[in-house]
Every structure is written in C-alpha cells, then in structure tokens.
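**Student:** If you read the protein sequences in the order shown, they are chains Y and R.
Numbered according to our numbering, the first sequence spans residues 64 to 466.
Numbered according to our numbering, the second sequence spans residues 64 to 466.
Worth double-checking, as some hints may not be accurate.
[What the hints assert, rightly or not] Taking beta-carbon pairs under 10 Å as the criterion, some of the chain R residues facing chain Y (in silico):
#1 Ala117
#2 Ser134
#3 Val195
[As the list claims (entries may be wrong)] Okay, derived cross-link-like pairs now, SDA-like style, lysine to any residue, Cα gap no bigger than 20 Å in a straight line:
#4 R:Lys108 <-> Y:Leu116
#5 R:Lys206 <-> Y:Glu186
#6 R:Lys206 <-> Y:Ser203
#7 Y:Lys206 <-> R:Cys192
#8 R:Lys108 <-> Y:Asp78
#9 R:Lys108 <-> Y:Ala79
#10 R:Lys108 <-> Y:Val112
#11 Y:Lys206 <-> R:Ala190
#12 Y:Lys464 <-> Y:Ala252
#13 R:Lys206 <-> Y:Val112
#14 Y:Lys206 <-> R:Leu113
#15 Y:Lys206 <-> R:Lys108
#16 Y:Lys206 <-> R:Glu114
#17 R:Lys108 <-> Y:Leu113
#18 R:Lys206 <-> Y:Leu113
#19 R:Lys206 <-> Y:Cys192
#20 Y:Lys206 <-> R:Gly205
#21 R:Lys206 <-> Y:Asp207
#22 Y:Lys108 <-> R:Glu114
#23 R:Lys206 <-> Y:Glu114
#24 Y:Lys108 <-> R:Lys108
#25 R:Lys206 <-> Y:Arg183
#26 R:Lys464 <-> R:His448
#27 Y:Lys206 <-> R:Asp119
#28 Y:Lys108 <-> R:Leu113
#29 R:Lys108 <-> Y:Glu114
#30 Y:Lys108 <-> R:Asp119
No lab work stands behind these hints: they were computed from the structure.
Since the model is a prediction, treat every value here as computed from it, not as a measurement.
We put the beta carbon where it would ideally sit given N, CA and C, even for glycine.
Here are the chains, one letter per residue:
Protein chains: 2
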Amino acid sequence: MALVVHKYGGTSVADADRIRAVADYIGRARRRGDDVVVAISAMGKTTDVLERLAADVSTSRPGREMDLLLSSGERISMALLTMALADLGIPAVSLTGSQAGIITDASHQRARILEVRGDRVREALAAGCVVVVAGFQGVSTGKDVTTLGRGGTDTTAVALAAALGADRAEIYTDVSGVFSADPRVVPSARRLPHLSWAELLEMCAAGCPKPDVRAAEFARTHQVRLEIRSSFTWEPGTRVGPEEEVVEQAIVSAVVHEVGEAKVTVAGVPDRVGVSATLFGALAERDVNVDMIVQNTSLEGRTDISFTIPVRDLVVGLEASRSLRAQIGAADVTADADIAKVSIIGAGMKTNPGVAATVFRTLADEQINIEMISTSPIRISVVVHQADAERAVQSLHAAFKLG
Amino acid sequence: MALVVHKYGGTSVADADRIRAVADYIGRARRRGDDVVVAISAMGKTTDVLERLAADVSTSRPGREMDLLLSSGERISMALLTMALADLGIPAVSLTGSQAGIITDASHQRARILEVRGDRVREALAAGCVVVVAGFQGVSTGKDVTTLGRGGTDTTAVALAAALGADRAEIYTDVSGVFSADPRVVPSARRLPHLSWAELLEMCAAGCPKPDVRAAEFARTHQVRLEIRSSFTWEPGTRVGPEEEVVEQAIVSAVVHEVGEAKVTVAGVPDRVGVSATLFGALAERDVNVDMIVQNTSLEGRTDISFTIPVRDLVVGLEASRSLRAQIGAADVTADADIAKVSIIGAGMKTNPGVAATVFRTLADEQINIEMISTSPIRISVVVHQADAERAVQSLHAAFKLG
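If we strip away everything but chain Y, and leave its shape as in the complex, we get (with noise of 0.2 Å):
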C-alpha cells in the first residue's frame, strides 16, 4: 500500500465536471490500496479574478490582506472535492494550509515554507479519509495566513509528500508530462519518460513552464519522487526520481526556450573589486530577480557586465543599473528585451565532451547570433534574438535527435 500525494492544478478542477472526474479518480486509486493526500489550487481563473478584483479596489493592496483574499479561492475548490468524495462514499476530510500545519515565513505573496507539521493530515489519514489540503498557502508563526505566489500548490504537493514520507507525489496538469521541447514550436517533441531530480530542475529553470521550479527545487533536495502527467488523459506521464534509476540516459534530454526576460549590459566598467557587489547588491535590494550573468575578461582594465532580468522587473533594473553608473565608473548602461533564451539540458552531458561545440555548430548553420553564453555541469544556454528563438529550438531539436 502506497502514500501518494496529487496534486490539481487549475484546469483539473475548473468546473463540477472536472472537480466529479478527479474525485472518481481519486476513488479508483483508493480502491487499488492506495492512500491518498490531495493539494489543490483555485479552480480555473479563480485567483487572477480575485486579483483582478483588489486591483479594480485597491491600488495598495496590503500583502497581508491580498493573501487572505487570495487564499478563498483553494478554500472553495477544496470544499467541493470533499463533498464530491462524500458523495462516492469515499471518507474525506479537507485541511486549510494552516490547518495542514503547513508553516511559513512572512513574506506574503511569496512566503517559503519553514515546516510542514502535518499532525491533522496523518490522524486522518490513520482514520482512513483522502486528506484534501488547500494548496497555494500556509500562515506564518505570526498567525497570519500567507501565499506561496503563482505555482505555490506545486510546492505544497512536495513538501507534503516529504513531511509525510509519501512513496511520491504525482502532478495532475493540462498537460501530459514534461516534452523534450515545447510541442508547440517542435511538432515532433516527445514526452520523456523518465528524468533525474537535476534535470528537472534546471529545465524548469530554463523556462519549462511545469512543474513549478520551487517544486522541482524541494523534490531534488528532499529526493521526493514526482511524476507529471495528465488529469484529462489520465496517461502515464514523466517521472522524476534518481539520476542512476534513470533508463538510457541521453546525452541530451531537452530543449527548453524562454522569452520573458530582457538583458542589461553595463559596458565600460573599470575591472576592481567590489564593483559586481555593489551592482547586484542593488538590484537583490530592489528585488530583482537576476537569472544569466556573464562577465568578459577585461581588456585595458576595463570590463561588459550583462545579466538577464524578467521584463516585468526591466524598468526598476534598468533604473538601478544607471543610478549606479557614476559610482562604479560605467561607460555605459544598455538594454535589450528582444531576447530569447534557449537551453539544452541533459544529465549525461557533463561526461560527453563536444554537446557545447554542436551548439554552436549548429546555430552558426543557421545563421543565428549567439548574443551570451552559461553553462551548467548539465546544461547549456544561449540567449539569441526573440525572432531566432523557434528556429533555434527547432535546429538544436534535430541536432541532438531528440524527435
């Protein structure tokens, strides 16, 4: 008999429809000997219609009271899963975040986990009930109810399923598993069956839209089992676990491309020490999240910064970067959101030499300008111009064969 933790996802539970077929579901797994803890999000658009509200309201919005509003929307998805379950004659009980005891700090709108207690989750499940736990929030030790931000449900999918040593936690979603690259710009991706903890997580944070990358963080340092797969086809999907359970490992397993982020070049900057702290001291204060950073060795004492940031955080970035530029003796400060950023990720990479030579091989036949270069012991990525993104995609796909 196995603990498995699911998760539903918006889409999963968007009408009674939908909210009747997870709980026929749930039922057919407890019915083959499973037990079975539930983390649901809001059902379909609920949460951007509870922010589209507070914004038509207010335009402070307290982090503190957006988060009690936003915390309704698990709250009614919940209640309707448990009273579903009744009707099947299946005992249910459903838990808030906090009285899940899931504990955390008190950032609102992005608060972190520190604890997941779970006493009233294992007393009913000891008493036989599916244990259907609101996702998305938890309440902070001040006592006050927090949300985890976009994706929070993921996260709380896999911290339940670590507090409670659940054999896995498996990701109910609109889609089928994780693709070797978005089906939409490959027709010929393929979902993988299998990948490693690591894997996972620098696709997702490459731009692999699902799971959540918090998820995918605290599966690989807490080693919870996943599998992502559909709540429509009910399909086998891609499980994620240890690097050495993982079947074949390819050299290459995806492609993964993302065009929300811009790039910001501070050209010019004298090389000494000091100067990166101060600039990305700045923005870290102004909570800009910096993903790329690439330094050129200097020539005449002189050195380029650029790094990547969200669009959404350009203009706060961009203002940072110059209201430093006199004091760290920049020559210029720069900015380009027309990027792309289009990432190979495999496990197997870091011990076959050349996968970086046939990228760049291959964008060069393309004629394709490679703009920044990081890597990773398992990934490579190259930030390119937004209209070169599909092609790219789409060429590095056929390279390593991936279709």
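With chain Y's structure known, arrange chain R on it following the hints.
**Tutor:** Chain R in isolation, oriented as in the chain Y frame:
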C-alpha cells in the same frame, strides 16, 4: 469618542465601487472620532453562487465542507474592504470569524454563537485600527469553521457590539430603515424613527425581512442599541433601543406580513394530556420550525390543533403529522399553503384595549376571513387567504393611521 460596530450586507459591498464607497464612509466616521469595527457579508450574490456550485458538484454536501466553502465569501469581501481602507490611509486589519474569536456550537450551516472572545479585535482597536471582521461565520470548539445561516452577519455585528461594549451597532443595508408596512404594498408607509427592542423582535418574527430575527433577539437580550440604515443614501434610519426612550409611543407602529408559511390542521384530536407534546416533539426532531400554534377549546372531548410552518418544511411536517395520526387518534390532517400571516405590532398596544376589536372590524369590513389568530402583549397576528393579504395590510395600515 464612540465605539460603533458597522454591519454591511451583500448589496452594500456588491462591487468595487460600492466597497470604495463604504471605505470612504468609514473614513468619515473615523474623522468624526468613532472607533469602528465592521462586520461584513459576502459580496452581492456570492453565497448563492457558491451554493449553486456545491449543488452542481455534490448531492450529499456535508455540513463541515459546506461551511468551509461558504465562509470563503466573507474572506474575499473583508480583504477587499481592508485594502480600500489602506488606500485611504486608514489603518485597518481584517479578521476571520475564527481570528475574531467568534466561538459557536458545532451545528454546521446554522451554528449559534456561544461566546465572542474578541481579544484580537480589542488589540487592533487599541492600535488605532479599523477592524474588519468576516460576518456569518465562526469557529466551533472543535476548531472547525462554522456558518450562522442566512442573515448571520447581522448576528455577528450585534454579538460583537455586545462583547465589546460598543455604543451601538449600525446595520447598513439596501433599505433606509424599518417601515410601518412594506412600501411595495403600502406606498404611504413611512420609516419609523424609533422602535423598542421588543417591537423590533416582534416585527422580525412576524416577517419584517431586516434585520435578521436572531440579531433582533440578541440585541434585546444584551441591550445592544441598533440603527438600521441605508448604505446607498446614508440618511438617518431607524433607531432601536430601550422602550422608555421611544418618543411618542404609538399604539400600533407597523403592519407586517409574511407569505412563506403554510398551515397544517390536525383535526378531531382527543383532548388528553401529551398529544401536543407528541406532535410538536416529532416536528422538532425533524427540524421543522413551527411558528403559530392555535388549539380550540375542546368540544365533546375532541379538539383541532392548527399550526403554521415554513412552506419549505411542508412535506416533512405533513408526513410527520400524518405518521402520528393513529397514535394520537386524530380524525384528519390537512394542509393549506395558500395563506398569509398579517401582524400589527406596537408597544402601546398592551395598555390600549380595543386594538384587537379594530383589527377584526377592519378585516370584516373588507370581507376578509380570518383563519387563525395569535397574540402577544404587543402583537396581534391573523392568518388569512394569501389573495387577501395585501388588502389586509393596506386596510389595517389606514385604520391605525400609520401613513
């Protein structure tokens, strides 16, 4: 400096504009020097929408899950109002029923308030905040969320006012006070400037729709001064307080009617001890709320018992009565849903003989047949055919010169 509890119903906070208007009004009360605690309902028809959603998903609808579901409506409105206050620079904090210490029994969907702890409300007031409390909800001693049933936010407001020793509770709604009759039926009906607690309670029990009858009862028991007024025109409304303060004690204050009841007659019952106990015990067991009860003097050892119950309980009530027919030896059990109850209420009635005679004479002149009569010291109620109800209200309103 007064401490005032404001209650805002669903229509008062139905959309973003209305929420901002309410915030603005609370701001003016603060500038006048009032300390303000708000009890707020869910926006507009939110509770209806959630109930329909539950009906779409589930036929069993367990009470615990229904309460979790329905309580989310007030979390949304309270967070939005608090944000709107923050925009105006007014320190404010929202509290759920549980956080505000509204402790109830465990009767889901119609819980009764046992105690209002209110420590967090007092702390927030002491810190200079407007405190926005979710109406309609509390927490059971078993730590589950409960709801108080329809109209529950009125009770939340009055219970908070009592617990905090507030100067009064102002019940803001979509009507501008309590009227001498329903203005849709009697166009000359006028707003009553003052009512005693006892009069208000009788009026609510007799069918006056606002405020909720449990709130009126709570106000009388705990001597909480009320003002019923409009959140659209903000004009002065109806004040409710001790009888001795009601200026110009009218013999009759208002005519109230109600059409949602049905009459059940258990005919030819042997006049012996315990028959009524058996009959009404059985109805109470089935949660049928009996309103008027009339038993005639017995004739030849047999009597008729008539009572009124809500139309929605008619099937259950009739079944319960018929199942006892043999046991209590009744000749027949009949029902009539085509009735209306018309009541006149006035604190001055008890010292003015002849009021009942005027009622019966007025209805006789109108050729309106009276099916049942029931009285209290300050109320006379009659049951008539539903088709005669409006004429009965109009003629009584004129006869007692209430226009």
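**Student:** The structure should be examined with respect to each hint, and the outcome stated for every one.
**Tutor:** To see whether the hints hold, each was checked on the structure:
{"no.": "1", "hint": "Ala117", "verdict": "holds, 6 Å"}
{"no.": "2", "hint": "Ser134", "verdict": "holds, 7 Å"}
{"no.": "3", "hint": "Val195", "verdict": "holds, 9 Å"}
{"no.": "4", "hint": "R:Lys108 <-> Y:Leu116", "verdict": "holds, 15 Å"}
{"no.": "5", "hint": "R:Lys206 <-> Y:Glu186", "verdict": "holds, 15 Å"}
{"no.": "6", "hint": "R:Lys206 <-> Y:Ser203", "verdict": "holds, 18 Å"}
{"no.": "7", "hint": "Y:Lys206 <-> R:Cys192", "verdict": "holds, 18 Å"}
{"no.": "8", "hint": "R:Lys108 <-> Y:Asp78", "verdict": "holds, 19 Å"}
{"no.": "9", "hint": "R:Lys108 <-> Y:Ala79", "verdict": "holds, 19 Å"}
{"no.": "10", "hint": "R:Lys108 <-> Y:Val112", "verdict": "holds, 16 Å"}
{"no.": "11", "hint": "Y:Lys206 <-> R:Ala190", "verdict": "holds, 18 Å"}
{"no.": "12", "hint": "Y:Lys464 <-> Y:Ala252", "verdict": "holds, 10 Å"}
{"no.": "13", "hint": "R:Lys206 <-> Y:Val112", "verdict": "violated, 30 Å"}
{"no.": "14", "hint": "Y:Lys206 <-> R:Leu113", "verdict": "violated, 27 Å"}
{"no.": "15", "hint": "Y:Lys206 <-> R:Lys108", "verdict": "violated, 30 Å"}
{"no.": "16", "hint": "Y:Lys206 <-> R:Glu114", "verdict": "violated, 29 Å"}
{"no.": "17", "hint": "R:Lys108 <-> Y:Leu113", "verdict": "holds, 16 Å"}
{"no.": "18", "hint": "R:Lys206 <-> Y:Leu113", "verdict": "violated, 27 Å"}
{"no.": "19", "hint": "R:Lys206 <-> Y:Cys192", "verdict": "holds, 18 Å"}
{"no.": "20", "hint": "Y:Lys206 <-> R:Gly205", "verdict": "holds, 18 Å"}
{"no.": "21", "hint": "R:Lys206 <-> Y:Asp207", "verdict": "holds, 16 Å"}
{"no.": "22", "hint": "Y:Lys108 <-> R:Glu114", "verdict": "holds, 19 Å"}
{"no.": "23", "hint": "R:Lys206 <-> Y:Glu114", "verdict": "violated, 29 Å"}
{"no.": "24", "hint": "Y:Lys108 <-> R:Lys108", "verdict": "holds, 19 Å"}
{"no.": "25", "hint": "R:Lys206 <-> Y:Arg183", "verdict": "holds, 12 Å"}
{"no.": "26", "hint": "R:Lys464 <-> R:His448", "verdict": "violated, 24 Å"}
{"no.": "27", "hint": "Y:Lys206 <-> R:Asp119", "verdict": "violated, 34 Å"}
{"no.": "28", "hint": "Y:Lys108 <-> R:Leu113", "verdict": "holds, 16 Å"}
{"no.": "29", "hint": "R:Lys108 <-> Y:Glu114", "verdict": "holds, 19 Å"}
{"no.": "30", "hint": "Y:Lys108 <-> R:Asp119", "verdict": "holds, 18 Å"}
The structure fails hints 13, 14, 15, 16, 18, 23, 26 and 27 (numbered hints given earlier, in ascending order).
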